[in-house]
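Asks: Here are the chains, one letter per residue:
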Amino acid sequence: MAGQGCGGGASQPGCVCAMLTLLLDGVAYGMLLFVLSCGLAVTLGLMNFINLAHGAFAMLGGYVTALLMNRAGVPFLATLPLAFLIPAVVGIVLERTLYRRLYRASPLDQVLFTIGLVFMAMPAANFLLGDQPQQIHLPTYLQGRIEIGGVGIGIYRLFTIALCGAIAAALQIFLVGTRFGARLRAAVDDSRAASGLGVDVDTLFAVTFAVGSGLAGLGGALAADVVGGIDPSFPLKYLVVMLIVVTIGGANGILGALFGALLLGILDVAGKYYVPSIGAFIIYAVMVVTLIVRPRGLFAKGDGR
Amino acid sequence: MRTGVLTVALTLALSSAAWAEDVTLGMILPMTGPSASTGKQEKAGAELYMAQHGATVAGKTIRLEIKDDTGAADVTKRLAQDLISNDHAAALLGFGLTPLALAVAPIATEAKVPQIVTAAATAVITEKSPFIVRTSYTLPQACAPMADWAFKNGIKKVVSIVIDYGPGLDAEKWFGDTFKKDGGEIVEAIRVPLKNPDFAPFLQRVADDKPDAVFVFVPSGFGAVFMKQFVERGLDKAGIKLIGDGGVTDDDQLAGIGDVALGAVTAHHYSAAHDSAENKAFVQAFVKANGFLPNFMAVAAYDGMALVYHALETTKGDTDGAGLLAAMKGAKWMSPRGPLEIDADTREIVQNVYIRKVEKKDGALFNVEFETIPMVKDPFKASKK
Chain D
13 MAGQGCGGGA SQPGCVCAML TLLLDGVAYG MLLFVLSCGL AVTLGLMNFI
63 NLAHGAFAML GGYVTALLMN RAGVPFLATL PLAFLIPAVV GIVLERTLYR
113 RLYRASPLDQ VLFTIGLVFM AMPAANFLLG DQPQQIHLPT YLQGRIEIGG
163 VGIGIYRLFT IALCGAIAAA LQIFLVGTRF GARLRAAVDD SRAASGLGVD
213 VDTLFAVTFA VGSGLAGLGG ALAADVVGGI DPSFPLKYLV VMLIVVTIGG
263 ANGILGALFG ALLLGILDVA GKYYVPSIGA FIIYAVMVVT LIVRPRGLFA
313 KGDGR
Chain G
6 MRTGVLTVAL TLALSSAAWA EDVTLGMILP MTGPSASTGK QEKAGAELYM
56 AQHGATVAGK TIRLEIKDDT GAADVTKRLA QDLISNDHAA ALLGFGLTPL
106 ALAVAPIATE AKVPQIVTAA ATAVITEKSP FIVRTSYTLP QACAPMADWA
156 FKNGIKKVVS IVIDYGPGLD AEKWFGDTFK KDGGEIVEAI RVPLKNPDFA
206 PFLQRVADDK PDAVFVFVPS GFGAVFMKQF VERGLDKAGI KLIGDGGVTD
256 DDQLAGIGDV ALGAVTAHHY SAAHDSAENK AFVQAFVKAN GFLPNFMAVA
306 AYDGMALVYH ALETTKGDTD GAGLLAAMKG AKWMSPRGPL EIDADTREIV
356 QNVYIRKVEK KDGALFNVEF ETIPMVKDPF KASKK
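So the protein sequences, as listed, match chains D and G.
Numbering of the first sequence is given in this note's numbering, commencing with residue 13 and proceeding in unit increments.
Numbering of the second sequence is given in this note's numbering, commencing with residue 6 and proceeding in unit increments.
Note that these hints are calculated values from the structure, not bench results.
Covered stretches of chain D (chain G as the covering partner; in silico rule of three or more C-beta atoms under 8 angstroms from a C-beta of chain G):
| id | stretch |
| --- | --- |
| 1 | 33–44 |
| 2 | 140–151 |
| 3 | 161–171 |
| 4 | 284–298 |
Cβ atoms here follow ideal geometry from the backbone N, Cα and C, with glycine treated the same way.
Chain D with its partners taken away, still in its complex shape (with noise of 0.2 angstroms):
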């Protein structure tokens, strides 16, 4: 690595170079929870539905970009959209067929009847692909690292928080500067008036949970090379991450996972740098903290956007 005095000691490596590194390895892992967990975050905070069988869908769309890729040889890139097309179609079915049953239903109906279908995906992932990790293999073009100023930068990292933050912009545009945008700005903030209102609630709720079903997918997809591959104990290994940025950050819109995403990644990566005995316990502290100081999360409903 270039100079700039990074002797890095095992006791004190404050310098800044690999600050910037951790913060960068913090924003793209955040970045992927956020993609992650919006689906879920828009969920709770539209359909006041508990879906925790959100990370089987996250599981299946890592499953398709594992299985394109090794199996039928498709390009990294060319599986993304798939990633997110086969979640978010399953997902209507799903919503169409059995979830709409249940939005009237408490939420211990719910939240039974969604860990029972992550109790069905995990053995049928199981079942038909093996209990092994499937592991994507990245493009060469992704793999490595670059440096920019000595700050060294994962160049799949960089991918990423590119992508998610595009991504990010993308459904912040959507839903500020379109109609459909505050047809489900006004559904979310009270749903029945939008009805009222001739706002067809019953597709809103159909399509959003669709593309958050879809961009679960995605988030499976672009996790899997960071976390070892997809196996069938996805969905409950990283259900709880994913609750921990939807409670931070508010049960909500877009920005609200974002920055609660953001602010887990990065201090999830530094608490793991610099306390590495307790460091994976910090997200947990954060969101004990938040609890107790701002129940409904961070930037909860009523708090603007």
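Starting from the known structure of chain D, fit chain G onto it as the hints suggest.
Replies: Okay, now just chain G, sitting in the frame of chain D:
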């Protein structure tokens, strides 16, 4: 005499278990759950042994009962109790993780049934019951020679990075202590939590510490992501060597890890590429029967069965636990991995430890052995003497 015969006949008729000519062996493995790959390999190894050597030993018919404990210690315990009381198992094999083996130890002691550990690797296990015998390996057995080799080969500063659980801590301690005793320096000992291991921040610390090598212990399954991130962070280009326990380059996973593993030096007791006639035959038969390569778990199960067969031949079919145990102590035989011996005092496995490097042979990745440390006794037990 006639009453004697009548009694035996009545006992046979009344016993709910198999006929007296049958010997049941209970194998408890995690066939589902996160350690399912261990179960899959071990089952294949045990079944291969029976397929090759037949199901009859000393006039008795062997019945192998494989049970899934899903990796949960309370299930393991219950299955062990069932196997002993209902199936009258003559021996128990398996135990994919340390807590699973420990949970069954008191049962083995009370029922006086040999418990053969064919997977778990924490050193202290064999001390928990006088009926425990091991055919897998112990972390100290592999990590101490790794430390010696590293020091002799110009590696003076090491950062050790392990997953924060039993075997990981064993690895960290035994590598670290041996390395320091040789004169080396452990710059930092990093422990990574078991859940959600994203190695990125930890590897960044390694990069900043600038050691000669990083010693790693991860359970099989995490080898791939560790290697990938090691290369992604440019650590190999920075001249930091990768050394570790052989689990990180598990034969089962090596193909999935890919070329990023090339050059990794590890210490372990078995490689599918081990150059011996026994191993070539073993690997060939294994791949033919299962379609995938065997790893160290499979060969440990294979050898566990070999040990039981040997014990039964020695006792001429007598399934008395103490007799079987005595027959197992001091047993010596040639396994696909190399020569084996069961230490008569500690009931621990004594075997060759190989230093190997990941290389490409015939287009596929293998751990190619280049140095052998013969008949290593478990250093943990040796240090207590």
